[in-house]
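> The residues making up each chain are set out below.
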Amino acid sequence: MSALQPLSEADLMQAMRHADGELPASEVAEFEARIAREPLLAAEVAAQRRLAVMARNWSPRDAALEAWEARESSTLARVLRLVGIVVLCAGVVVLLGFMHFVLTSEYSRVPLWMAYVFEVALVGFVYLLWRAVRARLATRHLDPYRDLER
Amino acid sequence: MAEYIPSPPTTDFAPLMRAAQGGDRDAFGRLASQLEPRGRTFARAMVGSEEDAMELTQECLLRMWKARADWVEARGVLPWFHGILRNLCISLLRSKERVRAKDAFRPDQLDEEDVDWDYVDPELQPPEHLASDERARLFWAALGKLSTRDREILALRHFEELAYAELAQRLRIPEGTVMSRLFHARRRLREALPRELAEELRR
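Heads up: the protein sequence lines correspond to chains A and B, in order. So the first sequence is numbered by our numbering: it starts at 1 and just counts up by one. So the second sequence is numbered by our numbering: it starts at 151 and just counts up by one.
Where hints are given, some of them may not hold.
[Said to hold, decoys possible] Covered stretches of chain B, as calculated for chain A (at least 3 residues, CB under 8 angstroms):
1. 187-195
2. 240-248
[Unchecked claim] Negatives, chain B to chain A, calculated, CB over 12 angstroms:
3. W221
4. V222
5. G226
6. P229
7. A251
8. Y269
9. D283
10. R287
11. R322
12. P324
13. E350
[Claimed, not checked] Reference excerpt, derived from the structure (chain B facing chain A, CB under 10 angstroms, subset only):
14. I234
15. P277
16. A286
17. R353
Calculated directly from the structure, the hints in this document are not laboratory data. Built from N, CA and C at the ideal position, the CB exists for glycine as well.
Using the sequences and the hints, build the whole thing.
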């Protein structure tokens, strides 16, 4: 075939398979020799590859999000998350104890009744939070997606 | 533009599905977490909305879990997953009257899976993370002009990066038909591309 003869449909199909890495190994050497001789064929293979790169670059897959999800679902990430929650809970308990000590100590300038109001409000907040969590756990069996773990 | 290197073949999901069939929820959870991004990607290309894609993928996984006893290993996991998801996508598009049957569709004579559909609303927006990319917008607008069948095979090949053998298995068609369908879908996509992107391909 002459170097500038228009490509047949069979040539175009082979160019696509070559660009996709789907040409049988036995045909690759011969086809690459043709690419070296025929600029139109070489241009077609290059165009097919560019189209594939375009589609890959503009895919709905959000690479950053996928990488984040993969990191978060690893065992190490789960263990670290658990450690974080435990440390946070321990910190809240210590902080509450310290606050109680400071507010009710003889050196405190906050009136005692105000200290108790503050603590009761905080306990109320924790109680409401606990109720919300319990309600979620109690109704979990009604969640249509409960069997799916993402 | 970066060099194009085709992706390696995808993982075998059958062991996880077998375990799920035996009632192992963790195994199904792991399977679902691997299928979910693929499903979302495919459904996004088919229905054009992130929210719908996410809903449809979740619905598909839920149906798989409920029907896990009916799964047959010879059928493969991905083709089964894809078949359910594709039908969900088409059902949604039909319920919203966003597609019409290409050519003469006679429901009494044709298997619905063989029907090709034209989109009524060809305007297709790029995914959110590409919203500010003008060239991505042009690419997605061109993709929006194609039929469901063309979009399906292009999404599976270019977004999920499946090999021809995987495409054949997934679409339940011979590899020769995959090549022909992919070839024509790509040609139509290239014809639908605006001049600036078409010129980029020729550079």
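> All hints, please: hold or fail.
Do the hints match the structure? See the list:
1. Interface restraint, the region 187-195 of chain B with chain A: holds (5 residues with C-beta to C-beta distance below 8 angstroms; minimum three).
2. Taking a C-beta to C-beta cut-off of 8 angstroms, the region 240-248 of chain B contributes 0 residues in contact with chain A, too few for the three needed, and the coverage statement is violated.
3. Listed as outside the interface, B:W221 is consistent with that label: its C-beta sits roughly 15 angstroms from the nearest C-beta of chain A, beyond the 12 angstroms cut-off.
4. Even its closest Cβ contact with chain A, about 21 angstroms, leaves B:V222 beyond 12 angstroms, as expected for a residue assigned away from the interface.
5. No Cβ of chain A comes within 12 angstroms of the Cβ of B:G226; the nearest lies about 19 angstroms off, and the non-interface call holds.
6. Listed as a non-interface residue, B:P229 keeps its Cβ farther than 12 angstroms from every Cβ of chain A; the least gap is roughly 19 angstroms.
7. Its beta-carbon lying about 26 angstroms from the closest one in chain A, B:A251 satisfies the requirement of being farther than 12 angstroms from that chain.
8. Here B:Y269 stays apart from chain A, with its beta-carbon at least about 16 angstroms from theirs, past the 12 angstroms limit.
9. Not every CB of chain A lies more than 12 angstroms from the CB of B:D283, the least distance being 7 angstroms, so the non-interface label is violated.
10. Against chain A, the non-interface label of B:R287 is violated: not every CB pair exceeds 12 angstroms, the least being about 9 angstroms.
11. For B:R322, the shortest C-beta to C-beta distance to chain A comes to about 19 angstroms, beyond the 12 angstroms cut-off, and the non-interface label holds.
12. Consistency note on B:P324: stated as away from chain A, and its beta-carbon is indeed over 12 angstroms from all of that chain's, at 14 angstroms minimum.
13. Once the 12 angstroms rule is applied to beta carbons, B:E350 is inconsistent with being away from chain A; the minimum gap is 7 angstroms.
14. For B:I234, the suggested interface contact is broken, since its CB lies about 14 angstroms from the closest CB of chain A, more than 10 angstroms.
15. The criterion of a C-beta within 10 angstroms of any C-beta in chain A is met by B:P277, whose closest approach is roughly 4 angstroms, and the hint holds.
16. For B:A286, the suggested interface contact is upheld, since its CB lies about 4 angstroms from the closest CB of chain A, less than 10 angstroms.
17. With a cut of 10 angstroms, the hint placing B:R353 at the interface with chain A holds, because the nearest CB-to-CB distance is about 8 angstroms.
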